[in-house]
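*Asks:* On the provided structure of chain L, position chain A as indicated by the hints.
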Amino acid sequence: MLVTLTNPSIEAVNLSKRYGAFVAVSGLNLKLEGSKCIGFLGPNGAGKTTTLKMFTDLIRPSSGQALINGVNVHTEKKKALASVGSLIETPEIYPSLTPREALMMIAEIRGVPRAERGKRIEEVVSDVRMGEWMDKRVGKFSKGMKQRICIASALLSDPTILLLDEPSNGLDPRGMSEVRDIVKSLKSKERLIFMSSHLLSEVSEVCDEVAMIDHGKLIVYDTIPNLSAKVSGGENIVEVGLQRPIDTGLVTKRIASIIGVVTADLKDDKTIRIKFSGGQDVQERLLSDLVRMNIGVISYKPASSELEDAYLKLITTTV
Amino acid sequence: MNELEDLSTNKVPGSLDQVGITLKYTFIDYFRSRRFFILLIITLLISALLTILVGYYRPGDFLLSDLSFYSSWWGGAVSFVIVLSGIFFGGDAISGEFQNKTGYFGVPNPIRRSSIYVGKWLAAFIASTMILIIFTVITVGNGMYYFGLNVPYQFGLSVFFAWFYLAAVLGFTFFFSSLFKSSSISILVTAILFLFAFTLIETLVSDLVQIEPWFIITYGGGIVGNILAYNPLTGAAAYPVHMSVTTEHLARRTITITSFAATVPEGLVIIAVYFLVTSVLGLILFERKEFT
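Line order of the protein sequences matches chains L and A.
Going left to right, the first sequence walks through residues 1 to 319 as this note's numbering numbers them.
Going left to right, the second sequence walks through residues 320 to 611 as this note's numbering numbers them.
The following block holds chain L by itself, in its conformation from the complex (with noise of 0.2 Å):
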C-alpha cells in the first residue's frame, strides 16, 4: 500500500478510555497536524500511555475514535500505521535474535524495499550508537541498548509521524543527549513528532508545542511560548549567576528599580532572579543595565524553565 502524504496529522476524536468504574482517558478531543514537535505532558497515571498506545493499536478505545491521518487506527490498522514509527513504554525483543535481525523483521513487515533494508538499518542503528553490537543477541543487552535498538525500529522506515513514549527512559545523560538530537533532526525533516516525557528539560529543548492532560482530560495544548505568557501573565524570570557575593540592599533598591523588573531577589549569595515584563527589548536593556552595575554578571539565562512553570501552575497533582 503506497501512503500518499497530505500533511501529517494525528487526532483523537472524543477519545476516551474505561477500566471498570476508573476512566484512563476522557473524551479527549485533539489534533495534532504538519512537521513539529509536541510534548505530552502529565503526572504519572493521567493518561499519556494510554492515549499513545490507543494510537498504536496496543489498546482499544472504549468510545472514540484515533485516527492518523485521518485513518481510524482500529478500523484500518494496517493503512493508518503505515506512516507511523513509535516507542510505547520499553519494548522486548525476542531475545535470540540480533539487532541486524529484529530490524530487518520490522523493515520486511513494513515494507522498506529489499534494496534499501540493509542501507537503512545500519543507518538507524548507527543513528543510536549501537553499530558494534549489530550481530550480538539482544538477550545479552541491557535496558538501555534495548531502548536504542527500538528507537531504531522506529526510526526505521523513515516514518512521518513518530509516536514515542518518554524516548530517554533507561538511557544515560549521553543516550538521553543522542535521542534529543536524533528528535531534533527529524524535525528539520518534516516530521509530525507527538512525544511523551516527564523531563520539563528536554520537551523545552526539542518541542515546539505541549499538550498537557491530566485525569484523562486535555488541561492545554498551546506553543511553548504562549503557554508560558498565558501562564506568567507576561512576565519573564531570569537567574543571573554573579562573580562574587552582592549586598541585598543592592538588589532590592538598584536592580529592583530598572524599568520593566517586577521583583528581584537573591536565590543564594551569587545568584539574583528577577521577574520582569516585557519582550526581548526590556531583557536586553535588563542584561546591559546589569553589566554597567559592574556587579560581576558571568552568567544570564531564564530560570528554571517557562514550561516548567507552567506545568506546575496547570497540574496541580502528582497522582
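Among the clues, some could well be false.
[Said to hold, decoys possible] Across the chosen pairs, the derived CB separations fall in these ranges: (1) L:ARG60 / A:ILE445: 27 to 33 Å; (2) A:LEU364 / L:PRO113: 28 to 34 Å; (3) L:GLN243 / A:THR611: 40 to 46 Å; (4) A:THR611 / L:ARG174: 30 to 36 Å; (5) L:GLY45 / A:ASP336: 37 to 43 Å.
Hint data in this document are derived by calculation from the structure and do not stem from the laboratory.
Backbone N, C-alpha and C define an ideal beta-carbon position, used for all residues, glycine too.
*Replies:* Positioned in the frame of chain L, the structure of chain A alone reads:
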C-alpha cells in the same frame, strides 16, 4: 492543507506475506532458544533409553512383530513428545508477548494481529515437527535394525495422525496462551491438563459414568496409538473395539470396567474440531486482548 511530497517508497506487504515474515523470525528465535535444545535432549534421552532397554532386555512385547515393535516404541512415547512440544513452543507463545513485552515491538506496526498469531503458530508447528521428525527417524532406525525394511503401513498412518494431533495440541496451547497474560500460568495449566487432567477425566467418565469421552482431545488423540494396536498372541493388527465392558470379580464385589477407544474417523473429527475451535478462539482472544 499543504501537500507534502511523498518520499516514502515503502509498500506494506499483504497479510499473508507478513505471516511468512513473522514465521521466519519467530522460528529463528525458537531454533536458537534453550527450549528447543532442551526438548531435543528430552527426545534424544527417551530414544536412547528405549534403544538401550530394548537392546539389552529384548522385551517380548517389542519384538513380537514389526507392528508390536512400532506400537510399543512409538505408540507409548509419541504422545508425550507431542504434548511436550505443545507446552514448550505454545505454552507462552502469546502470553509471552504480553508478559515479556515483545508485543510492544511487533504489534504497533502496520500488521494485523492475526498475521502475528498465525505466523507464531506456524513457527511453533514447524519447530515441533522437527522434533517429531527426529523421534520418527530414530524409531524407524531401531525398527529397521530389528525388522529390516518391514515398516507396517499402520506406522505411516500413526505418524500422520501424530502430526495432525500435534496441530490440535498447538491450537489448544495457543488458546490457553492467549487466555492468560502470565506465561508461567499458561504453561502450568497446559501441562496439568495434558499430562494429568485429561487422562484422569477420560478414565473417570468412561469407567464411572460409562460415557464415551468424545469431548476430550486426548481421547481423539488416542488414534495415534490405537492404529498400531496388535493381538498380543499373534502380533497381528487388531484395532481396539469401540466400547468394551470387562467384569472383574474381586472377593465379594463385582467390578465392571467400561473403556472406549475412538475410531479413526471419530478421532480425526475430534482432533479437527479441537484444532479449529481452539485456533479460532485463541485468535479472537489475541485480537481483543490489550497491552495494559
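*Asks:* Each hint should be assessed against the structure and marked as holding or not.
*Replies:* Results for each hint:
1. L:ARG60 / A:ILE445: 27 to 33 Å: With Cβ atoms ~31 Å apart, the hint holds.
2. A:LEU364 / L:PRO113: 28 to 34 Å: 47 Å, violated
3. L:GLN243 / A:THR611: 40 to 46 Å: 54 Å, violated
4. A:THR611 / L:ARG174: 30 to 36 Å: 32 Å, holds
5. L:GLY45 / A:ASP336: 37 to 43 Å: Given range 37 to 43 Å: holds, Cβ gap about 40 Å.
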